[in-house]
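> To convert a position in the sequence shown, counted from 1, into the working numbering, add 115.
Simulated from the structure, these hints should not be mistaken for laboratory data. Just so you know, these numbers come straight off a predicted model, no measurement behind them. Don't take each hint at face value.
Pairs of lysine-lysine residues, derived as DSSO-like cross-links and limited to a Cα-Cα distance of at most 27 Å, are as follows [claimed, not checked]:
| no. | residue 1 | residue 2 |
| --- | --- | --- |
| 1 | K374 | K167 |
| 2 | K204 | K263 |
| 3 | K344 | K263 |
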Amino acid sequence: MSEAFTAKRLALTKQTFAALAIPNYRRYFAGQAISLCGTWMQSVAQSWLIFKLTGSATDVGWAVALQTLPVLFLGPYGGVVADRIDKRKLMMVLQSMMGVLALVLGLLVVTNHVHVWEVFALAFLLGLNNCFENPARQSFVLEMVGAKDLRNAVSLNSTMVNAARAVGAAIAGIVIAAGGIGFCFLLNAASFVAVVYSLASMNVGALHPTLPTQRSKGQLREGLRYSAKTVAIGVPLVMMAVVGCLAYEFQVVLPALAKTFHGGGATYGFLTASMGVGAIAGGLYTAARGRTGVRAMVTSSAVFGVLLLLASAAPTLPLELVAMLGVGAASVSFLSKGNSSLQLAAAPQMRGRVMALWAVAFMGSTPIGGPIAGAVSEYFGARWGLVLGASACLVAAAFGALVLRRIARPDAEGIRRPPAQTQPAEALTATSALR
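Construct the complete structure from the given sequences, taking the supplied hints into account.
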């Protein structure tokens, strides 16, 4: 009995961490883990810096909006670039530029020369960089691990992001309290060395690169048409746009929520860290047993909405921290399933453009949702900011469920059907949903 249990546990562990058996991915994973800890430190520090300078949750929302505004307008073109050139080399350049931007902000803060407009300007430049880095990074995963381990790798990536959120946010709270906000930005600048080194030192011969798409006219429109007519791509993108617009505005809502509990920067850091801890558990579960497709996304979106409602009603800080564990788990489950569903559904020559649209749906919607969530949190209270996000999740779940009732079962769950076989009625449903 004991031996059978041990064998089952070992098999589950191997299944959960399957992608880490690939040397290039393992190297990339380690570099990203270090860099993302710094990124989350900067995220916490930037929101708290603006909140400290202005005392306004709306201004925090505007900063987040400026950081994601370029993705809204230029994100699709970033996907075209990712399909055309070597993704690994592109990432090395763009990750280096992100380190420079963090260094500049850190120096401004530690020398007491920082102004709100400078934070806004640097946030905008970071967003401009992300237009091209995000689709390259998202679609590069498949080149490292292949289709067999893609879902596992995407889930592990999401787990890593949220583990880094827990560690980075907690460190940020400590650094802000002990040494000041500026050191968070300087540590983040140094952390980019790890990820650039991991990319530069990869075994290029072991990669599975997608053949670059030759430059031609109309490639951006081609990607948009392809995504719109493919149900397994269009529906997840619409769901992500709704949820991403209003539910993932934690950078805006959580500083105000910390103030609701009479806390400061440390409280904000621990709220973010609690979400990260929950996301680790959710990400590992998704890596081992997660599913892909519209139906799986509908379930995750509904659960995400219910848990946000529970978090909005938590009466004390300890209970809020517990609620945030669940919110973190549900948020990473939704993201992982959507990301892997799109990558598996997309044709190789379209993957960069499809993942660029994913970035637009996730981050590009923030210029709209960030100020709305900030205004709701400022004028009605942070709890209503969480309710707003919960409503978005439930609306997205209802939309996905409605589409599932109108399309054939293979298109809802078996996302590998070629676009050419999509039925006209199904194509019309997906296209209408994107409008």
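> All hints, please: hold or fail.
Evaluation of the provided hints:
no., hint, result
1, K374 x K167, "holds (12 Å)"
2, K204 x K263, "holds (24 Å)"
3, K344 x K263, "holds (26 Å)"
The structure meets every hint from the earlier list without exception.
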